Amino acid sequence: MFEIGPLLIQAFTYARQFLTTLGATPLQAVVGIKFLQTTLTISIILAIPLFLVYAERKISAFMQARLGPMHTGPWGLLQTPADTIKLLFKEDIVPQGADRLLHLLAVILAAAPVFVCFAPVPWGTGFPLINLDTGILFVFAVSGVSTLGILAAGWGSGNKFSMLGGLRGAAQMVSYEIPRALSVVPVVLFYSSLNLQTIATAQMERWHGWMPKWFIFYPGIGQIAFIVFLIASVAETNRIPFDIPEAESELVSGYHTEYSGMKFAFFFLAEYVYVFLSSALVTTLFLGGADGAAFLPSWMWFLGKTLLIVFLFLWFRWTFPRLRVDRLMQFCWQFLLPLALVNIVLTVGWMMCKTPSQDVLPTQAAIPSSEMHGSPDDAGLTKAVEK
Amino acid sequence: MIDPPLLNKAVVPASALDVFPTQAPEKGMFISLGPHHPSTHGVLRVAITTEGEIVTGAQPDIGYLHRATEKLAEKRTYPQIIVLTDRLDYLAAMTNNWSYCLAVEKMLNVAIPERADYLRMIVGELQRIASHCVFIGTYGIDIGAFTPFFYSFGRERERILDLFEELCGARLTYNYVRIGGVMADAPDGWLDKVKVFVKEMYAAADEYDKLLTYNPIFTDRTQGIGIMTSEVAKAWGVTGPNLRASGERADVRIDDPYGLYPRVKFDIPIGKNGDCWERYKCRVDEVRESLKIIEQALAQIQPGETMGKVAKYFRVPPGEGYGHLEAPRGDLGFYIISDGSPSPYRFHIRAPSFINLQVLQQLLKGWKVADVIAILGSIDIVLGEVDR
Amino acid sequence: MSSVNILALLQAKFPDIHPIPQPAGQTRGDEVYLDVPLARLAEAAHVLQSDPGLAFNFLSFVTAVDWKTHFETVYYLVSTTHRHKAVLKVKIENRTTPEVPTVTHVWPSADWQEREIWDLFGIRITGHYNLRRILLPDNWEGYPMRKDYVATPDRYD
Amino acid sequence: MTLPLGIFYALSALMIGFSLVVVTSRNLFRGAMCLTASMGFVAAFFALLGGDFLAASQLLIYVGGVMVLILFVVMFVQTPDLFRARQTSVRWIPALLLAGGVGALFIRAFCHIESPTELPVLQPTSTALGHLLLGDMAVPFEVISLVLLAALVGALVFGLERES
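Protein chains in written order, with the working numbering: chain B, 25 to 411; chain V, 1443 to 1830; chain D, 28 to 184; chain R, 223 to 386.
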């Protein structure tokens, strides 16, 4: 049906030709198109938290025998825009003892990386912004930078409680990055590529016709990797049951106590975009990305699965109490990490027995020729690397 | 480093506790929790000295809600004081009134009609359930689970308050129990509504168990934390569910029976090692016991008089009297000395929350900062009763 | 353990403790009322708690009464093992600097209640480890629960 | 003056600027932050040179891991006198001379390398790196892991020492 992916590609190719006719060199045309694609993607991503905040309030309300926002707009639909406008006009207070520059920088460091991480994520056929070869590694690298944002927020606010909250938050995020990365290693090993697009397309096949070959359906290794990645992602986004940094009851909402107005809004925006990013990763890695029956366009399949995982995140938040800090760290280092390592061993065992004859390391030729789109310089992708 | 279990076993002599930590110790940090802290259940300040994450000293600082109830009582006649007792433990006003009326009736030596006593018992147990519902909700929030609050506080307690509103017109400060009986008979159909509520409340209690009591993260946060042995509890005068959770079978309804409790059969939930989880579990089980009591009371109640022969304006013969009962938070008693005039000469309130709170000085030492909130919440205090 | 042999056990050790007769027309619970002289309070507390026959291991409450001519502190004791109760009354004659020894060494639950007596009555509790005002602000003058306390409100808004 | 060369000069100017701030700023936390920024620019240079795997791992390990831990230490050790420490050592003249000499040496060395005018064509390097590391370079790869082992043991020793 109305697949948006290919339409966009044609649109961008026409735009590039139009730019070249205007006299721009091919390189400048490509940069211009990339700029256009980025603004398009960021505008979509900015719209997501608007919806997610409303969804969280409504879902939590239904789970708690109440109605949630009903007054602003029909069924409270205009609640989030109303909140954003309110926060826009709120006075932006910087505490007296705080380091002003750092106070502002912390917000940028916490919010900006999350948008960059969306580049390699494949929304549907022919849709990823950049068909990045080091897809998943790039995402982890850039999302690591937001930990700095929390530390800077903790230190920049100048008060003892937010400093404690910042330290705890950073410690939690750094220690949960490891099981998160290790839980992805089986997927990368299995499809022998870091590129999210190849991983997604490789899961398109079917077991004897109907059963989709998503990674989660591989008995044993699939489920373990899925669970470890999901738990680590919940911890990475600082949501209950891992929200020690802003544990309201103890540290009076941790590192973003001293933020108000639009800066406070950005912290929340970053959290919700981060939740959406983690769900998108879960969908791409374990649920076959945009793979789905033909009656729905591929990007709609992708969006549907991601929102399902987002619902899981919301569901966790309103049912689980909070873990104590040391139990949380102990859970990470003594349960999640060993489980992820064991899973890697299992995957290698599975791969060995699956193709005993073929040498485990795929030869160069076996690099899947990823779909061709985007600018001319991507043409180099198909050429196998001889060195 | 103080290792918590050892310290809580032996009763630390009061003199060994630190006086008042006001400045940061040389190594650790000084945290003043409250009085505007979201989880100290009202206006209570706890000054805590910590060494890293471990609490080395704690001294609750109270008095922010002191209204000199005992001084006011000396200027009021006996019936007027009932209104004062409503505001002591504002989450359990019925049992406050009842306890005060018990004390005065003991001094007046007046007989209570049977129907009034049954109504008092039904209303007292309903109040216990409502108070425990508040505890279950707020304790969930302390540990981080937001949803149980909307079920226990938002749904169950509201229904009890509606029942009370229908009975005596008020939702918080009832002064329904009067000296010599109760204000008015239950409106017709009210007892059936209570019967319906009791049936549904059983299901709600099981729901709390599923949602919170056996939730692995909740048990991980509360089991084995804030252990209070029964010696420590008795030494510090702790009463109510906190003492029973430490394995001590102490309940005023059994030890010093009042009203018509000898006519109803119910058992006392007892804990074993007195940690936060047991204190929480005892209260959830007590809700079920109260439901049993109400059922039996509903079965036995007969129509009849609801007000004994007490003059509107009476004097109490000179002498002293002490009446007490099992309030939701512990042994609530009123010690009254009368000099024959219409108002008492001396009026002292034995407030369970005030005495239970003392144990924090010893109980908090050696646990982590994250546990302070769990332990403080498990003691379940109400500041109106602490500060009087 | 009826009140008779509690009295017998106690008077064996402290001859000067004698029961308070029940005033006419006044019903009483099963507590035994004892009048303990000020000097004897500390030892009596130890004996009441440690003596196996008495075993008063639970102090329910402590309070004070201002009888205009003298002060009086009241201790309500309960034995959880023998299930009997006792009320000690200690008369304090000296009104200018009233003093009473502390019982926190025996029953720590008296800690805050004794601080409240000091805060509201001005009766100094000798030997208390942390004798400060508990309910009133630290800079409060006067002791409100005394009968002769004149409350002068500083404003009438 | 093509676009990539322009980017290269801008990036290097920024990097030198931040590195100077690291050396001169009195505020310890601000210095650590600028060090993190310069690490980020190193990753940008790797990306410019076409090493996408290298850029990503530099960002992941240095900015996301090492710098976070350094910031941890800075936040834990808040002794005020650290903030008022003297920035310049007493014997700054010999230090300046030494720096000048080493600088001159580097500039002479760089003159011999003709700078590439335009960017190399972007190749996916991660598979090639994989083959290299586990193929020809397997032995040095293992030896480096010994260095990591030594670092771990060192950390343990320091940690345990403080505990006892």
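Don't take every hint at face value.
[As the list claims (entries may be wrong)] With a straight-line cut-off of 20 Å between C-alpha atoms, the simulated EDC-like cross-links for lysine to aspartate or glutamate are:
1) Lys1513/V to Glu168/D
2) Lys95/D to Glu1516/V
3) Lys1548/V to Glu168/D
Honestly, the hints are just simulated from the structure, not real lab data.
Keep in mind that this is a model prediction, so the values were computed, not measured.
Open item on the list: So, against the hints stated earlier in the document, which numbers end up violated here?
Closed with: 3
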